[in-house]
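**Student:** The lines below spell out each chain.
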Amino acid sequence: MKEENNTINNFHALIKKEGDIEIVENLIKIENYYSGKIKVRYLNEVLQFEINIPLHYPLTNPNSDNISIKFRNKSLIGFNHINLDGSVCFHPDKDDDLNRKFIYELRCLKQWIRDYYILKREDDNYAYLIHQTEQKCINKLYFTNIKNNFKKHVFGSFSYSVFSDEKIGETKFPVKKLFRLGFNEKDADNWSETFLKTLKSRACRKGLFYFIEEEPLNKKAPGRKGIEYWDDLETYLKPEFVEFLLNGLRREFGKNYYYENSLFLILGYKIPNKESYEEHWDLIRISKNNIPIDYTRIPKNQQSISGKRFVTELNNKRINWGSTENLDYNRFFGRGKLAKEITDSKILIIGCGALGSSLAEILVRSGLKNLILEDFDTIKGGNLCRANYDINNMIYYKTDSLSKKLLTISPFVKINSIPVKLNDYDLERVKDVFNKNIDIIFDCSTDPEVTYIIDKIDFKGQVFSFAITNHAKSFVSISGKNLTQQAKTIFDLIENDPPSFYEGTGCGHPTFEANFNDINALLNLGLKVVNDRFLKRGSHETFIITPNFENSLMINIDEFEFYNCSNSKSSLHISRKALLTIKKILTHYYPNEYGGVFIGYKSGNNIIITDILIPDSYKNGKTVFVRHPGSLNKRLSAIHEETNGKINYLGEWHSHPNGSTSPSLTDLNAMKEISDDVKINNPNPILMISSITKISFLKDVYFFEKNILQKYE
Amino acid sequence: MATNRNEHLQKSLDNHDINRVEKLDKFIAKKNAVKNALNEKFSDSKASNCIDSGSYAKKTAINTKFDIDCCIPFKKKTKNDEKGYENLKDMFEDVYKYLRDEYTEEDDDITKDDVRKQKVSVGLKFHIEGDEFDMDVVPGRERPNHNDYTNTSTDLSLYIYPPNRSNKEIDDNKTRIKTNIKKHIDLLSGSERTHERKVAKLLKIWKTERKNKNGGKLIKSFMMELYTKEAFDNAEEIPVGLWEKVKMVMNYIVDNITENALVDPANSSNIVSDSMSDTAKSETKKDMKKTIKEIDEDSDKIKEYFPINEEYDDENSESASKTTASVLSTSKFGEIEGRE
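If you read the sequences in order, they're chains A and B.
If you count the first sequence from 1, position 8 lands on 8 in my numbering, and the numbers rise without skipping.
If you count the second sequence from 1, position 296 lands on 296 in my numbering, and the numbers rise without skipping.
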């Protein structure tokens with residue numbers, strides 16, 4: 001008791017100290033608060049507030065975020081930042097110093113009085129009008145932005161689908177989610193074709209709409225206070241509509257206007273958005289058995305020439321407000337989506353296994369509008385854990401289950417399925433259909449036949465062939481031409497244990513091992529790279545992601561430019577990182593020549609350059625570069641040992657400042673010597689020549705064979 | 001480097017925001033004091049309490065050349081109601097006399113000389129702790145008799161003080177204006193006019209700058225607000241970006257100001273554009289055309305036509321670093337043998 005009294009006295013003292021505030025009723029402890037009344041005199045305005053301080057102040061209210069003291073005055077409802085219960089809405093900073101926080105909150109109150117009561121300041125962002133919604137049920141209507149250009153007082157009917165109708169909990173509390181279908185054939189809400197099918201398969205009804213153009217405000221109250229009773233809507237609705245509504249409710253509206261004896265009416269008005277205005281709609285439920293319109297007979301002697309026998313007017317019954325939410329595409333994905341080049345493209349995912357199923361969900365959650373899924377397989381317990389399926393999906397086709405799942409995530413995605421292998425179709429047909437209907441292919445099949453097919457059909461769009469190597473050592477994305485060949489080279493050379501996981505017993509095709517976290521970490525990163533390239537309008541090169549947690553925690557991501565030399569049947573992948581380093585170095589030494597060596601993988605005539613080595617012993621001038629071995633051999637030897645012989649010397653690079661990218665006779669002779677040198681053990685070294693000027697950097701790469709430097713294209 | 005026109009306009013809007021005026025509190029307090037005094041003095045004859053009018057009430061005020069207006073509605077003297085005024089001139093004079101002779105006695109921040117008769121209002125010039133503050137009091141007499149002046153349909157008759165009339169008004173022998181202050185206040189109010197208010201403020205900023213540069217008579221703010229509303233209402237599609245919106249309204253004014261009459265939405269027989277001379281109209285038209293052309297051609301020009309309010313520009317203060325980078329010289333390290 002004593003402690004409470006001390007606390008209360010402290011509050012009283014602080015109030016007095018702050019000034020401009022008079023204590024009208026002393027604070028006393030009532031349940032979980034110290035409650036009282038204060039009068040604030042500020043800038044020649046006088047306002048009274050109930051004050052409720054939580055018992056454990058300065059800690060905030062246990063059930064609400066960041067709300068501590070409630071200052072309440074019901075007559076202020078309608079002013080900016082006043083809640084429906086009349087309390088001032090602000091979120092003060094958290095603080096554990098009671099005195100400091102208390103004074104700060106008193107000042108916040110004064111600030112509110114100044115900014116919103118006296119100055120009637122407007123915030124930049126529009127705040128939705130809040131209504132006192134029905135307490136015994138929840139009815140919520142979802143809609144999108146349709147450019148109706150409705151004029152004020154236009155009314156008519158709209159249609160909606162009862163997407164779900166559930167009774168929750170012990171009290172069987174009714175919750176209905178309604179999705180608006182549109183106003184007529186051409187003014188339809190822009191849900192996807194596929195989602196619309198779902199909506200139309202549920203119970204559909206008609207409702208009424210009325211465009212009031214301005215917010216439905218209680219004009220007698222200050223600020224923006226919502227309307228609670230039907231007669232306050234009088235200034236917003238034309239008498240013709242009231243009559244129309246009455247006649248409809250009494251007899252004219254057919255059964256399809258009612259759902260469980262309720263008619264839904266939506267009121268539309270303009271609200272500002274960032275650049276312009278949009279239509280917002282509020283939902284009202286009218287019970288067939290409780291019509292909010294009175295009609296009284298006009299005595300015969302008062303009837304005018306028009307012959308009207310009745311006066312219809314809205315009565316003072318409470319409006320049954322529901323709630324609404326604008327789910328328009330840009331709002332739905334307002335918090336973030338992928339690049340437009342992805343979301344607006346028609347995308348085909350080949351293979352809906354571990355990679356494909358997760359990829360599909362990421363794309364749909366990131367705003368994708370048009371998706372085609374291909375897979376011939378079904379879901380089993382064994383392939384479920386690291387894919388995007390659940391127990392209910394077992395036995396069924398992957399494409400089917402995945403489609404259903406994705407439709408529960410976005411109402412804006414159109415989904416088609418191909419539940420068979422591409423081999424099922426004639427190649428010409430595939431070529432035709434793909435080139436006409438698909439912009440981007442994500443091949444997640446890990447099936448080489450898919451790349452055979454894509455290589456053959458000369459696909460005009462973008463292809464990304466994704467794969468994760470065994471034990472999730474790397475993630476590979478292959479793009480461009482000759483996918484099959486690129487895949488072969490890369491998988492021959494980079495770490496790739498063959499697939500090792502066999503399911504159960506019997507003959508089965510083994511698969512790679514990797515857990516859900518591995519797959520998604522790498523897949524998400526890979527997609528992030530793809531998205532970044534789209535955003536920057538860069539080219540889409542093959543890239544490899546390799547987490548390397550050996551010594552420090554690193555994730556290596558490298559893109560590889562891909563070249564082909566048809567004369568020598570040689571393919572070449574060059575690391576972009578290596579190229580960037582070369583560019584930096586050569587620019588540094590400009591206008592003198594400089595150079596170094598390439599290292600990487602080689603298998604037959606297929607080469608992957610992964611890195612460069614810089615000589616520490618050299619001589620250079622404007623047209624000459626002499627590379628001595630220096631410590632290079634020591635380094636090459638160390639690398640050879642570290643990588644078990646996989647990474648070796650591949651060739652040379654140097655610059656021609658202000659020159660061309662064509663090799664000189666000196667260059668040719670040097671390469672011949674290298675080719676002939678048995679100790680180097682590389683009969684077909686690579687040569688790259690960079691032509692560099694103050695403003696430009698060009699390069700060409702050559703394959704040395706039979707005394708000729710063949711150029712890569 | 002090219003200026004981003006929309007960003008610049010937003011910046012201009014931000015630092016012309018009225019809430020930045022620190023002395024705003026004092027001005028508000030003074031405005032309330034005057035209102036309270038008038039309400040008390042004319043407690044019998046007033047139809048209802050003073051209401052805020054002018055750009056402050058319309059939420060289109062900018063912080064340069066800042067003033068607050070209020071309107072005091074009076075009852076009309078009828079057979080049934082002795083209180084109120086029959087004659088508009090008396091109403092105007094009584095308010096003027098009260099403010100000049102009695103109010104200035106109680107208020108230290110204003111002297112008799114600072115109270116003057118304007119066209120339809122009495123102007124007050126306060127000096128509050130070194131700051132100047134202007135206030136207009138508009139006396140109006142109700143048309144239909146209502147005691148609660150919140151209903152939009154209540155029109156007011158205002159007295160026109162003869163020496164301050166325009167030529168056209170003299171020609172027409174106009175001595176009074178019928179209008180509806182509430183309708184004017186509501187002209188650009190509500191969330192469905194958010195963008196219009198931004199444009200109206202920018203046009204005011206433009207006008208203030210033109211006045212500072214060239215002086216002369218320019219289009220009235222109220223007219224610009226009316227034109228803004230009309231331009232938005234007539235637009236097929238509202239353009240994206242602040243500059244495009246301002247341009248749309250300026251083009252609308254250019255097309256209409258010398259061609260068509262601008263009618264008071266509160267009273268169709270009030271031709272608002274008549275209060276402006278033909279010369280002023282064509283000057284404004286020329287000025288706006290020039291503004292649009294120059295800014296479209298050279299984005300930097302927007303800074304000239306829509307200046308930043310230097311007083312409230314807080315960008316340049318904290319950016320530069322107060323330190324410099326270290327400059328090293330040679331330091332020698334190593335272990336010296338044979339020493340402790």
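Just so you know, these hints were derived from the structure itself, not from any lab.
You may find that some hints are simply not true.
[As the list claims (entries may be wrong)] Straight line, CA to CA, 30 Å or less: simulated DSSO-like cross-link-like pairs of lysine-lysine:
1. A:Lys337 x B:Lys89
2. A:Lys151 x B:Lys303
3. B:Lys301 x A:Lys274
4. B:Lys41 x A:Lys152
5. A:Lys110 x B:Lys35
6. B:Lys125 x A:Lys110
7. B:Lys89 x B:Lys23
8. B:Lys41 x A:Lys120
9. B:Lys11 x B:Lys41
10. A:Lys151 x B:Lys183
11. B:Lys59 x A:Lys147
12. A:Lys225 x B:Lys198
13. A:Lys110 x B:Lys290
14. B:Lys59 x A:Lys110
15. B:Lys198 x A:Lys151
16. B:Lys198 x A:Lys220
17. A:Lys74 x B:Lys59
18. B:Lys229 x A:Lys274
19. B:Lys65 x A:Lys120
20. A:Lys151 x B:Lys301
21. B:Lys183 x A:Lys238
22. B:Lys59 x A:Lys274
23. A:Lys274 x B:Lys112
24. A:Lys220 x B:Lys77
25. B:Lys303 x A:Lys274
26. B:Lys168 x B:Lys41
27. A:Lys152 x B:Lys183
28. A:Lys274 x B:Lys204
29. B:Lys285 x A:Lys120
[Said to hold, decoys possible] Listed below are several chain B residues computed to face chain A (Cβ distance under 10 Å; list not exhaustive):
30. Asn19
31. Leu24
32. Ala57
33. Phe133
34. Asp134
35. Ser191
36. Val263
[What the hints assert, rightly or not] For the chain A half of the interface with chain B, some residues (derived, Cβ under 10 Å), not all of them:
37. Tyr42
38. Ile118
39. Lys120
40. Phe163
All C-beta atoms in this analysis are idealised placements derived from N, C-alpha and C, irrespective of residue type, glycine included.
**Student:** If a hint holds in the structure, say so; if it doesn't, say that too.
**Tutor:** Now for the hints, and whether the structure bears them out:
1. A:Lys337 x B:Lys89: 66 Å, violated
2. A:Lys151 x B:Lys303: 38 Å, violated
3. B:Lys301 x A:Lys274: Distance of about 25 Å is within 30 Å: holds.
4. B:Lys41 x A:Lys152: Between lysine 41 of chain B and lysine 152 of chain A the Cα gap is close to 43 Å, so the pair fails against 30 Å, i.e. violated.
5. A:Lys110 x B:Lys35: 22 Å, holds
6. B:Lys125 x A:Lys110: 28 Å, holds
7. B:Lys89 x B:Lys23: Status violated; Cα separation ~35 Å.
8. B:Lys41 x A:Lys120: Judged against 30 Å, a Cα distance of about 27 Å means the pair holds.
9. B:Lys11 x B:Lys41: Answer violated: lysine 11 of chain B to lysine 41 of chain B is near 44 Å, above 30 Å.
10. A:Lys151 x B:Lys183: Distance ~20 Å between lysine 151 of chain A and lysine 183 of chain B Cα, so the pair holds.
11. B:Lys59 x A:Lys147: Holds - the C-alpha atoms of lysine 147 of chain A and lysine 59 of chain B are around 28 Å apart, at most 30 Å.
12. A:Lys225 x B:Lys198: 24 Å, holds
13. A:Lys110 x B:Lys290: Not satisfied, since the Cα-Cα distance of roughly 46 Å exceeds 30 Å.
14. B:Lys59 x A:Lys110: Holds. Lysine 59 of chain B to lysine 110 of chain A sits at ~21 Å (cutoff 30 Å).
15. B:Lys198 x A:Lys151: 23 Å, holds
16. B:Lys198 x A:Lys220: 27 Å, holds
17. A:Lys74 x B:Lys59: 25 Å, holds
18. B:Lys229 x A:Lys274: 18 Å, holds
19. B:Lys65 x A:Lys120: 20 Å, holds
20. A:Lys151 x B:Lys301: Violated, at about 39 Å.
21. B:Lys183 x A:Lys238: Given pair lysine 183 of chain B, lysine 238 of chain A holds - Cα atoms ~20 Å apart, limit 30 Å.
22. B:Lys59 x A:Lys274: Given pair lysine 59 of chain B, lysine 274 of chain A holds - Cα atoms ~19 Å apart, limit 30 Å.
23. A:Lys274 x B:Lys112: 48 Å, violated
24. A:Lys220 x B:Lys77: 27 Å, holds
25. B:Lys303 x A:Lys274: 23 Å, holds
26. B:Lys168 x B:Lys41: Distance ~36 Å between lysine 168 of chain B and lysine 41 of chain B Cα, so the pair is violated.
27. A:Lys152 x B:Lys183: 18 Å, holds
28. A:Lys274 x B:Lys204: 22 Å, holds
29. B:Lys285 x A:Lys120: 34 Å, violated
30. Asn19: 6 Å, holds
31. Leu24: 7 Å, holds
32. Ala57: Hint holds; alanine 57 of chain B Cβ to chain A Cβ min 9 Å, cut 10 Å.
33. Phe133: 14 Å, violated
34. Asp134: With a minimum Cβ separation of about 18 Å from chain A (threshold 10 Å), the hint on aspartate 134 of chain B is violated.
35. Ser191: 5 Å, holds
36. Val263: 20 Å, violated
37. Tyr42: Nearest chain B Cβ about 9 Å off; hint holds.
38. Ile118: 6 Å, holds
39. Lys120: Hint on lysine 120 of chain A: holds, closest Cβ of chain B at ~8 Å, below 10 Å.
40. Phe163: 29 Å, violated
Consistency with the previously given hints fails for numbers 1, 2, 4, 7, 9, 13, 20, 23, 26, 29, 33, 34, 36, 40, ordered from lowest to highest.
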